[in-house]
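Novice: Below, each chain spelled out in residue letters.
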Amino acid sequence: MIKPLGDRVVIEAVAKEETTASGIVLPDSAKEKPQEGKIVAVGSGTLKDGERIPLEVKTGDTVLFSKYAGTEVKYDGQELLIMRESDILAVLA
Amino acid sequence: MIKPLGDRVVIEAVAKEETTASGIVLPDSAKEKPQEGKIVAVGSGTLKDGERIPLEVKTGDTVLFSKYAGTEVKYDGQELLIMRESDILAVLA
Amino acid sequence: MIKPLGDRVVIEAVAKEETTASGIVLPDSAKEKPQEGKIVAVGSGTLKDGERIPLEVKTGDTVLFSKYAGTEVKYDGQELLIMRESDILAVLA
Amino acid sequence: MIKPLGDRVVIEAVAKEETTASGIVLPDSAKEKPQEGKIVAVGSGTLKDGERIPLEVKTGDTVLFSKYAGTEVKYDGQELLIMRESDILAVLA
Amino acid sequence: MIKPLGDRVVIEAVAKEETTASGIVLPDSAKEKPQEGKIVAVGSGTLKDGERIPLEVKTGDTVLFSKYAGTEVKYDGQELLIMRESDILAVLA
Amino acid sequence: MIKPLGDRVVIEAVAKEETTASGIVLPDSAKEKPQEGKIVAVGSGTLKDGERIPLEVKTGDTVLFSKYAGTEVKYDGQELLIMRESDILAVLA
Amino acid sequence: MIKPLGDRVVIEAVAKEETTASGIVLPDSAKEKPQEGKIVAVGSGTLKDGERIPLEVKTGDTVLFSKYAGTEVKYDGQELLIMRESDILAVLA
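Keeping their order, the protein sequence lines are chains A, B, C, D, E, F and G. Every number in the numbering used here is 1097 more than the matching position in the first sequence, counting from 1. Every number in the numbering used here is 1097 more than the matching position in the second sequence, counting from 1. Every number in the numbering used here is 1097 more than the matching position in the third sequence, counting from 1. Every number in the numbering used here is 1097 more than the matching position in the fourth sequence, counting from 1. Every number in the numbering used here is 1097 more than the matching position in the fifth sequence, counting from 1. Every number in the numbering used here is 1097 more than the matching position in the sixth sequence, counting from 1. Every number in the numbering used here is 1097 more than the matching position in the seventh sequence, counting from 1.
Keep in mind that the hints were calculated from the coordinates and are not lab data. Accuracy of the hints is not assured; some may be wrong.
No more than 27 Å apart at the CA atoms, straight line, and that leaves these computed lysine-lysine pairs for DSSO-like [to be verified]:
hint : chain 1 : residue 1 : chain 2 : residue 2
1    : G       : K1171     : F       : K1135
2    : B       : K1145     : C       : K1164
3    : D       : K1164     : F       : K1171
4    : E       : K1164     : A       : K1100
5    : A       : K1164     : A       : K1100
6    : B       : K1155     : C       : K1155
7    : A       : K1164     : B       : K1100
8    : B       : K1100     : C       : K1100
9    : C       : K1164     : D       : K1171
Isolated chain A (complex conformation):
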């Protein structure tokens, strides 16, 4: 089992589709594209005044996160990402 520390989560990234169906590329957008993934483990939360504040996301959530967020981990033959909860943009439900 892999257990992230503090406010970190472990995410299994969904394969990103970088080309659109029609193949059209929108030119010169300076903004980064987020990526989708599934949370497979969450940390025990941030320590605040002696207490652990639980995270807002939970195991099984489908989330959007910045493409450059997190650290890649290979664990049990699986490609995973470890990042802080603050790097997650939104939950898809």
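Dock chains B, C, D, E, F and G against the given chain A, drawing on the hints supplied.
Specialist: Below, chains B, C, D, E, F and G without anything else, positioned relative to chain A:
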């Protein structure tokens, strides 16, 4: 449904008109131009001493935000932006 | 109506006179020159421990602010500036 | 009247004498030289937990400040400087 | 004995295998690869309001940490790493 | 009289001897050398929750400080240095 | 006597052995090597809410610290280092 985390909001940007009616371009202003949009989802607020402080903006608000703020998200065929509430400059009412 | 968020204010800048009457230019001062304007709207204040702390300036105040402060907004045919209260240097009375 | 905001002060700088009487220049000191001035207006103080903490300096004080501190303001035909109290090094008494 | 200070831990790194079994190299990933290790000593914790908050990890834990984290120490003929607990990404259990 | 503000002190630097008796220069040390001085005035202390916390050093103390710390002031024909207490490394007693 | 201020300590560095017995150099490690020393004086601690929090290390401790930490001081013919306690990595016991 897309649910932003913490103090983040999801915004549907209004198409920006980059040329003026008369076609006149005001020369060399170093200041950035903001963009208009509509809020489609808000996060549960910032965590402060164990409580969530609700955001000042709400779903349906028309807002002004910096042109470079936020991350572009394509969700359900719609182009959306996810940004922190602090990147919103003003509400139009 | 345009309503700035948090500790932001909306300012109508007074046309700046960049040349002096006599046309003399004081050479090589590294310091920036401030600009004058009138406050047309103020935010609800900074959030501090669950309370909004009202701003020190109010609508109608004539203020001095740094030339590079704020974001230009065109609203209702009017050129406005949105900036944080902390970018305002002084009130003229 | 010019009233600075928060922890800012308005200072009338004393004309600086950049050459010494004997004309000798001390070579290659990397340290900046401070400048002298008189305080003509003080802000209402820094906001801390809902209260204004008054400044340590007062109108009329002769102060030393860093040469690059503050913003130049021309007000009522007078050249003034607006800076934060923390940019003032010492009071001369 | 080596005793780290505050929120630091001493880690014995596990030899990293930089080539995969099949020898395939995934091209141009900008993300850093973490490294595995075993905790051999933990500090007394971070000082917070006069109290020591114990660390989340303990001696004997197998942990993942960033490849560039920590300072190498040679102690008693053993190659060790000293790093802050915040540099540890996850515990493997 | 010169009275420093807040947590600042005024120091009369002791003339630094940059060459050693034997004239030997220790090669390529990247570390800066501190300088010695005598405190001639201290500020009223840092403001913390409405109270002034007195400084740890006092007038008359011989102190060591970083060579690049502080601002040079010429006052009453005397070369002085104004710096924050945190730039002082140690007291010699 | 030399008395460091606040959370600083004075350390007598142990002569560092930069070459190994066998003369083998481990190639291209980007990590810095720490250095060993003995604490000869400690400050009165960090000021926190009006109280001094004593340091975790004490006079006589053998400590490891980063090679580039601290400021070199020559005092009473002895080469010493003054650094903050947070620059100390571990105590050897």
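Novice: Next step is simple, just say for each hint if it's right about the structure.
Specialist: Right, here's what the structure says about each hint:
no.	hint	verdict
1	G:K1171 to F:K1135	holds, 17 Å
2	B:K1145 to C:K1164	violated, 35 Å
3	D:K1164 to F:K1171	holds, 14 Å
4	E:K1164 to A:K1100	holds, 18 Å
5	A:K1164 to A:K1100	holds, 22 Å
6	B:K1155 to C:K1155	holds, 25 Å
7	A:K1164 to B:K1100	holds, 18 Å
8	B:K1100 to C:K1100	holds, 25 Å
9	C:K1164 to D:K1171	holds, 14 Å
Violated hint: 2 only; the structure is consistent with all others.
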